[in-house]
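Asks: Next come the chains, spelled out residue by residue.
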Amino acid sequence: MSDATQDSVVITHDVGLHARPSVALTKLAKTFPSKIEIAATADGPWIDAKSIVKVMAMKAKQHSTLHIRAAGDGAAQAVAAIKQLVIDDFAGA
Amino acid sequence: MQRMQGQAASKGFFAGPACVVADHAATYAHSGNPAQEAQALRDAVFSATLELQDLLASVEGEAADVIAFQIAMLEDEELVAPCWDIIASGEPADAAWRMAMGSQIENYLSSDDEYFRARVTDLEDIKSRVLRCLAGGKQVKAAAGTVLVGHDVSPSQFLSHDWSKAGAIVVSGGSITSHVAMLARSRGIPMVVRAAPWVETDGVHMLVDAETGAVILNPDAAATAAFEQKASAFAARQRVSEAFRLRPTMRRDGTRIQLLVNIADPAEVDHIDINSCDGVGLMRSEFLFRDGAPLPDEEHQYRAYRKVLEWAGEKPVTIRTLDIGGDKPITGLTPEGESNPFLGLRGVRLTLARPDVFRVQLRALARAAAHGNLQVMLPMVTLPDEITQAAQLLDDAEKELSAEGIACHKPKLGIMAEVPAVAISPELFKAAAFFSIGSNDLTQYTLAVSRDDARVSALSDPAHPAVLRLITGLIQYGADNNISVSLCGDMASDPKHVETLVKLGLKTFSVAPSMIGENKQAIASL
Chain A
91 MSDATQDSVV ITHDVGLHAR PSVALTKLAK TFPSKIEIAA TADGPWIDAK SIVKVMAMKA
151 KQHSTLHIRA AGDGAAQAVA AIKQLVIDDF AGA
Chain B
419 MQRMQGQAAS KGFFAGPACV VADHAATYAH SGNPAQEAQA LRDAVFSATL ELQDLLASVE
479 GEAADVIAFQ IAMLEDEELV APCWDIIASG EPADAAWRMA MGSQIENYLS SDDEYFRARV
539 TDLEDIKSRV LRCLAGGKQV KAAAGTVLVG HDVSPSQFLS HDWSKAGAIV VSGGSITSHV
599 AMLARSRGIP MVVRAAPWVE TDGVHMLVDA ETGAVILNPD AAATAAFEQK ASAFAARQRV
659 SEAFRLRPTM RRDGTRIQLL VNIADPAEVD HIDINSCDGV GLMRSEFLFR DGAPLPDEEH
719 QYRAYRKVLE WAGEKPVTIR TLDIGGDKPI TGLTPEGESN PFLGLRGVRL TLARPDVFRV
779 QLRALARAAA HGNLQVMLPM VTLPDEITQA AQLLDDAEKE LSAEGIACHK PKLGIMAEVP
839 AVAISPELFK AAAFFSIGSN DLTQYTLAVS RDDARVSALS DPAHPAVLRL ITGLIQYGAD
899 NNISVSLCGD MASDPKHVET LVKLGLKTFS VAPSMIGENK QAIASL
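Chains A and B, in that order, are what the protein sequence lines are.
If you want the numbering used here, it's the position in the first sequence, counting the first as 1, plus 90.
If you want the numbering used here, it's the position in the second sequence, counting the first as 1, plus 418.
The set of hints was computed from the structure by calculation and includes no laboratory data.
Bear in mind that the values here come from a model prediction, so they are computed numbers and not experimental data.
From the three backbone atoms N, C-alpha and C, an ideal C-beta is built for every residue, glycine too.
The hints are all genuine.
Selected chain A positions facing chain B (Cβ under 10 Å, derived; list incomplete):
id: 1; residue: G106
id: 2; residue: A109
id: 3; residue: R110
id: 4; residue: K117
id: 5; residue: D138
id: 6; residue: K140
id: 7; residue: S141
id: 8; residue: I142
id: 9; residue: V143
id: 10; residue: K144
id: 11; residue: A147
id: 12; residue: K149
id: 13; residue: Q152
Derived PhoX-like pairs: lysine-lysine, alpha-carbon spacing no greater than 25 Å straight-line:
id: 14; chain 1: B; residue 1: K725; chain 2: A; residue 2: K149
id: 15; chain 1: A; residue 1: K120; chain 2: A; residue 2: K149
id: 16; chain 1: B; residue 1: K545; chain 2: A; residue 2: K144
id: 17; chain 1: A; residue 1: K117; chain 2: B; residue 2: K545
id: 18; chain 1: B; residue 1: K545; chain 2: A; residue 2: K149
id: 19; chain 1: A; residue 1: K144; chain 2: A; residue 2: K120
id: 20; chain 1: A; residue 1: K117; chain 2: A; residue 2: K144
id: 21; chain 1: B; residue 1: K648; chain 2: B; residue 2: K583
id: 22; chain 1: A; residue 1: K151; chain 2: A; residue 2: K173
id: 23; chain 1: A; residue 1: K149; chain 2: A; residue 2: K117
id: 24; chain 1: B; residue 1: K817; chain 2: B; residue 2: K830
id: 25; chain 1: A; residue 1: K151; chain 2: B; residue 2: K725
id: 26; chain 1: B; residue 1: K848; chain 2: B; residue 2: K828
id: 27; chain 1: B; residue 1: K828; chain 2: B; residue 2: K817
id: 28; chain 1: B; residue 1: K830; chain 2: B; residue 2: K733
Working from the sequences, and respecting the hints, build out all of it.
Replies: This is the structure we're talking about:
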């Protein structure tokens, strides 16, 4: 991806990336026009961060690392915002 | 007049007409045209989403999260995407939806993570809502003040129902640990699960006794009168015991008694006020091990134990190591074809025979012990050497964790006094840091009477003089040697036995959370 941004963050939420955190993450992702993807390892497989069906299917657990990348308009902001959401423990989700 | 018997999942009494919660989806008329089928499915998903959005506006808290999750799933094109190819291949919309949701559900079910598996209820809920919308069915709003009857009731059915005129739930399936059972308990809605023999008729008058799990259909006058008497006695008991719930547990002369609770599912503590009890006397870890599901890993167990310890704060929490076998089989762990499973490989006998499984649990417990006041309890101990062996394994687990740099703590190790050998010769078990009397098994083994055979249930009396003599001996031994002795069987939850136990000198009771008020009330009168 050209002008793509990539970063990673460790999930601290008690139950990992489950129902409520996944709702929060996909909702936030949808507010950005860029293509946003997440993965459990830096090599992928990369999945669409705007799809809760796919995000849930990752079954990302507590203490696992979440890789985030985005491309297109607002890519850098999108990655930063999603990273912050995870750091903030999904805003208490 | 007909009777059904089930398990009480949420206590209470209710009389009213049955309202069958239909399993919709049956009557979808196919068009035979793929383009029309695809459109029908799109419309149904849209209608289902609208219904949920309506529902979302009327709920809050945990319930709102459940509905928001379902909406997010339905709004995601990925959920319905696999249907388009299936429909293009000639299948009707309902079949395509069933297949697509079926494989989603399969994926969730196969997870080793309990939080993930628990979402299956939500997916089933989404699936049937769309199927009903597809069949053109309006949301069948059950009338208020009825008994919801069906194979099971979904969380969204429960949440969208009007409970303002009370009501009850009677299901042929379900489980006392299901999401809906928890919602029912927190709302105080009487609920009976696994009712049999199953009868389902709309409008039939039902008496629901969700204290014993007995349901009567088309009752005669005598049954109705008896029911009303029980219901009003229950209501009176509830009022009084509710007043006692948050008071300290003490006898009339001010002597304090320690009152602990028995739990299974860690989620139960969300509904118990820690100020109403002195801690947890028995957490049954078997709840984490489900027949047919993968064994829970260390992380999963650690999280479950830690949740309870954090809730309890500085108060003690006693977690019993895996107690399966007997009437609680788990395929792959418990032996097959035992001729007398209650006398076979169960409790600590089984976990010592399966060090691979035991080690994972002991590691999770040692890790959790760093978060509170944990005690670990071994079930079905018969010989002192069983404590020695378990203590060695616990020691190993703690050393391993420390070497790995993982925070942990070695908890105290005590035992259940449920095999008569322990009650007869407690002095042999000096290695035990505490005893907890399992009155159910102690009664069964002392009186040679099966716990689950109705024909001999009259013999099963924990107040039999022989059982009481054993209990007295244990209490005396504890007092003489300064070892804590508690009682965590059903006997401690039964107000009619409380007086006997207090007079025998028992200082610590562990009871079902719903019995806290009644138990305190009984103690206060002594």
